[in-house]
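Student: The lines below spell out each chain.
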Amino acid sequence: MSDDIQKEVAPEEAVQKEAVKKAAAKKEAVPKEDAANEVETLDYMIVSSSPHLFDDNSIKKIMWTVNLTLAPAVIFSIYYFGLQALITLLAGSLSAVAFEAASQKIMKKKITIDDGSAFLCGLLLAMCLPPAVPIFVPIVGSFIAIVVAKHSMGGLGYNIFNPAHIGRAALMVSWPVLMTSWTTITTAADVTTSATPLNILKLQGYEAVVNTFGSQTELYKALFLGLRNGSIGETCVVLLTLGGLFLIYKRIIDWVVPVTMIGTVGVLTWMFGGTNGILSGDPLFHMMAGGLIIGAFFMATDMVTTPITRKGKVIFAAGAGIITVLIRLLGGYPEGVCYSILLMNCVTPLIDRYIQPTLYGRGEIG
Amino acid sequence: MLGKIKWGIHPDTHKSPTEGKAIESNELPNRVILPVQQHIGAPSVPIVKKGDLVKKGQLLAEAKAPVSSNVHATISGKVVDVSDQPHPVLGKCQAIAIESDGADEWAEGVLIERDWQKLNPAEILEIIKEAGIVGLGGATFPTHIKLAPPSGSKVDTLIINAAECEPYLTADHRIMLEYTERVITGIQIIQKVLGVSNVIVGIEDNKMDAVKVMAHAAAGTGIKVAAVPTRYPQGAEKTLIKTLLKREVPSGKLPLSIGVVVQNVGTAVAICDAVRNGIPLIERVVTVSGGAIQEPKNLKLRIGTTFAEAIAQCGGLKSPAKKLIMGGPLMGAAQYTTDVPVIKGASGILAFAREEVNDGPESPCIRCGSCLDACPMGLNPSMLSILGERSFVEEAVNEYHLFDCMECGCCTYVCPAKRKIIHYIRYSKKMSAQKGGK
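Protein chains in written order, with our numbering: chain X, 1 to 366; chain F, 1 to 438.
There could be a bad hint or two in this list.
To be verified - In the DSS-like style, the derived pairs of lysine-lysine whose C-alpha atoms are separated by at most 30 Å in a straight line are:
1) 250/X / 15/F
2) 60/X / 221/X
3) 418/F / 110/X
4) 108/X / 418/F
5) 242/F / 224/F
6) 311/X / 418/F
7) 15/F / 61/X
8) 6/F / 250/X
9) 6/F / 311/X
10) 418/F / 318/F
11) 246/F / 311/X
12) 246/F / 154/F
13) 78/F / 49/F
14) 418/F / 105/X
15) 418/F / 60/X
16) 6/F / 60/X
17) 242/F / 250/X
18) 64/F / 109/X
19) 253/F / 64/F
Claimed, not checked - One-sided and incomplete, this derived list gives chain X residues near chain F with beta-carbon spacing under 8 Å:
20) 58
21) 202
22) 360
23) 363
Unchecked claim - Derived coverage of chain F by chain X (criterion: at least 3 residues anywhere in the stretch with Cβ under 8 Å from a Cβ of chain X; other residues may be distant):
24) 243–250
25) 364–373
26) 418–425
Just so you know, the hints here were simulated from the structure itself, not pulled from any lab data.
Beta carbons are placed, not taken as given, at the ideal position from N, Cα and C, and that holds for glycine.
Using the sequences and the hints given, assemble the complete structure.
Tutor: See below:
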């Protein structure tokens with residue numbers, strides 16, 4: 001290669017990014033408001049590194065698709081929990097967008113609220129809250145999620161922890177009573193309850209859970225259809241799963257993550273979750289209860305905070321599944337999905353360092 | 001199961017504007033610019049000077065170094081300049097400019113009809129070297145070197161690369177349909193040089209007409225024709241070998257190390273012309289396409305024809321070209337002027353209209369992993385781009401196998417954050433070379 005190319009691709013390190021964005025910079029030099037002028041200056045040609053063809057996929061597309069797949073579960077929760085849920089959801093997602101705009105404005109960065117990532121973060125946070133929390137709770141949660149967990153780390157792509165779960169964890173330790181006060185819901189068996197199935201399990205045991213719902217079949221039905229108490233967005237297993245399947249179909253998430261995580265929880269709770277020794281647990285109950293479904297499909301698949309390779313993703317999901325079961329069965333909290341994912345977020349860089357894709361031409365073949 | 005499901009990408013092929021159009025013979029260019037470097041290796045050395053009268057096929061610049069290639073006059077006329085001229089890959093390069101006398105006369109001692117079957121491999125190699133033939137798929141490695149494996153290496157398979165996986169390009173497709181007999185003869189000549197009986201022609205299955213024509217022509221010759229799945233970069237040497245033979249070329253080695261030689265289908269035609277008819281490499285088939293071209297065509301162009309002239313032969317531009325590319329849209333080189341000449345490795349000239357240039361502003365990596373799924377080499381382009389951004393070159397080389405990257409562009413194509421991953425990789429490679437540590 002000649003010196004000319006060298007000059008183009010190897011400038012001083014500090015100005016390297018300028019060279020990368022040479023084409024973009026040129027484009028910006030054209031005054032956008034003056035359309036006539038723009039046409040006149042079209043005689044230059046963009047010179048940039050190959051490739052010159054790009055897929056029309058974008059961060060914006062990915063994020064809004066995820067938002068859309070959450071819509072059925074969101075609509076169900078508003079129907080089921082009522083106006084309180086709607087207020088919490090709106091407060092969470094809209095304040096997240098506002099906090100992102102404010103953070104980026106203060107840091108003099110480009111405002112990227114239209115990419116849908118802040119909205120998604122706020123929405124997921126609100127979906128993990130009890131329906132009747134005071135309005136300041138989702139707003140404070142969004143502040144912690146967006147400002148502390150996301151933008152203090154450098155913004156989208158740089159955060160180590162799932163922002164929505166950091167927000168929820170912070171709220172849990174700050175307002176433990178508010179965060180565990182569930183709406184009174186009348187279950188199928190006409191019994192009034194103000195606890196989640198996992199709460200009942202923790203405090204009174206599995207028999208009490210079954211009794212609350214009438215029978216095991218009624219329990220499964222309630223869990224599957226979402227007719228039970230719990231956080232706003234985590235209850236309706238069927239709609240969340242459909243949303244997750246759509247994301248798998250769209251190749252936005254990898255099926256190995258939810259399968260591994262839910263599978264790990266199922267196997268471990270079946271083995272150790274019962275009171276009559278090994279293999280006497282109820283895996284179906286554990287797989288559908290709590291925030292496992294939303295966690296496995298929408299949180300453990302968060303691109304930024306989980307491993308980038310497929311093998312790494314499996315390790316992550318299995319680890320999250322194991323920690324979830326440990327917390328549920330042995331820990332002080334009734335539910336452990338949030339903490340399990342946060343704990344596995346810690347080891348994501350480590351996983352990524354050691355698990356690399358299989359290289360061409362360095363294996364046994366050839 | 002947990003490994004890679006598949007590599008590569010499926011971009012829209014954009015081949016329909018030209019795939020059905022026969023190759024058009026060129027109008028004689030008024031002026032050609034012939035750079036002394038159109039190949040990988042050392043530049044050739046000019047043996048003519050300004051004012052000399054030259055004829056078509058006459059040697060203009062000689063390959064002096066072991067890895068180099070001859071350059072011939074592609075029209076008859078007068079040498080008007082030997083100086084630095086725009087070059088589609090190098091930016092600027094010493095070049096010999098010839099102004100046509102309109103006669104298009106052949107030089108003496110060039111057109112020689114030979115019975116190639118009576119020639120021995122050494123004689124054939126000498127003819128190929130004299131004719132200045134290089135790999136016409138775009139890599140432009142001197143063919144006479146590629147076909148002369150060092151003693152001790154054994155070649156068991158010859159692969160003819162006719163995948164033509166780059167979008168827009170249809171030159172190889174048309175070559176197979178129209179120059180079928182020359183392709184087959186060229187392959188047989190290469191077979192003789194290498195002494196291999198196992199030959200596979202790999203054609204992407206979006207060109208089934210070419211597969212049929214080639215299979216029909218190859219009947220009885222022992223040449224196998226295989227339709228391979230359409231998936232970019234199927235036509236990269238290493239991926240095509242993997243698809244056809246289930247063999248992988250070890251990192252840092254040539255296909256030769258696993259007994260394979262790959263030749264482009266266009267190169268086979270050039271070899272046939274040179275060996276059988278004594279015609280040096282003076283023209284090639286070029287696809288001129290893209291949204292800004294009035295009438296996209298497959299043209300047979302003299303080497304050295306300027307892009308401007310080639311575009312003019314296709315009715316000119318219907319809208320201003322926002323990007324002008326030599327080669328395919330995924331690996332081709334963007335041009336800053338239409339004054340650059342068609343060189344031996346120019347498989348296409350693409351002029352993109354404004355709406356075809358769709359790279360957005362770059363944002364930080366969101367670690368979606370699309371690039372890892374797309375990378376045919378099993379690299380971690382995400383990490384390579386991040387390391388490149390920070391100039392952590394050593395880590396990129398040692399831990400993330402920077403030099404395994406063949407710059408096919410899949411990662412950058414799929415990136416939802418629109419990161420210019422290949423640019424970072426090129427930058428890192430350059431930095432690494434400057435530091436002298438590979």
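Student: For every hint, state whether the structure bears it out.
Tutor: These are the hints, each one checked on the structure:
no.: 1; hint: 250/X / 15/F; verdict: 26 Å, holds
no.: 2; hint: 60/X / 221/X; verdict: 36 Å, violated
no.: 3; hint: 418/F / 110/X; verdict: 16 Å, holds
no.: 4; hint: 108/X / 418/F; verdict: 21 Å, holds
no.: 5; hint: 242/F / 224/F; verdict: 16 Å, holds
no.: 6; hint: 311/X / 418/F; verdict: 25 Å, holds
no.: 7; hint: 15/F / 61/X; verdict: 27 Å, holds
no.: 8; hint: 6/F / 250/X; verdict: 16 Å, holds
no.: 9; hint: 6/F / 311/X; verdict: 15 Å, holds
no.: 10; hint: 418/F / 318/F; verdict: 28 Å, holds
no.: 11; hint: 246/F / 311/X; verdict: 23 Å, holds
no.: 12; hint: 246/F / 154/F; verdict: 18 Å, holds
no.: 13; hint: 78/F / 49/F; verdict: 10 Å, holds
no.: 14; hint: 418/F / 105/X; verdict: 23 Å, holds
no.: 15; hint: 418/F / 60/X; verdict: 11 Å, holds
no.: 16; hint: 6/F / 60/X; verdict: 25 Å, holds
no.: 17; hint: 242/F / 250/X; verdict: 28 Å, holds
no.: 18; hint: 64/F / 109/X; verdict: 56 Å, violated
no.: 19; hint: 253/F / 64/F; verdict: 26 Å, holds
no.: 20; hint: 58; verdict: 5 Å, holds
no.: 21; hint: 202; verdict: 35 Å, violated
no.: 22; hint: 360; verdict: 4 Å, holds
no.: 23; hint: 363; verdict: 7 Å, holds
no.: 24; hint: 243–250; verdict: holds (count 5)
no.: 25; hint: 364–373; verdict: holds (count 8)
no.: 26; hint: 418–425; verdict: holds (count 5)
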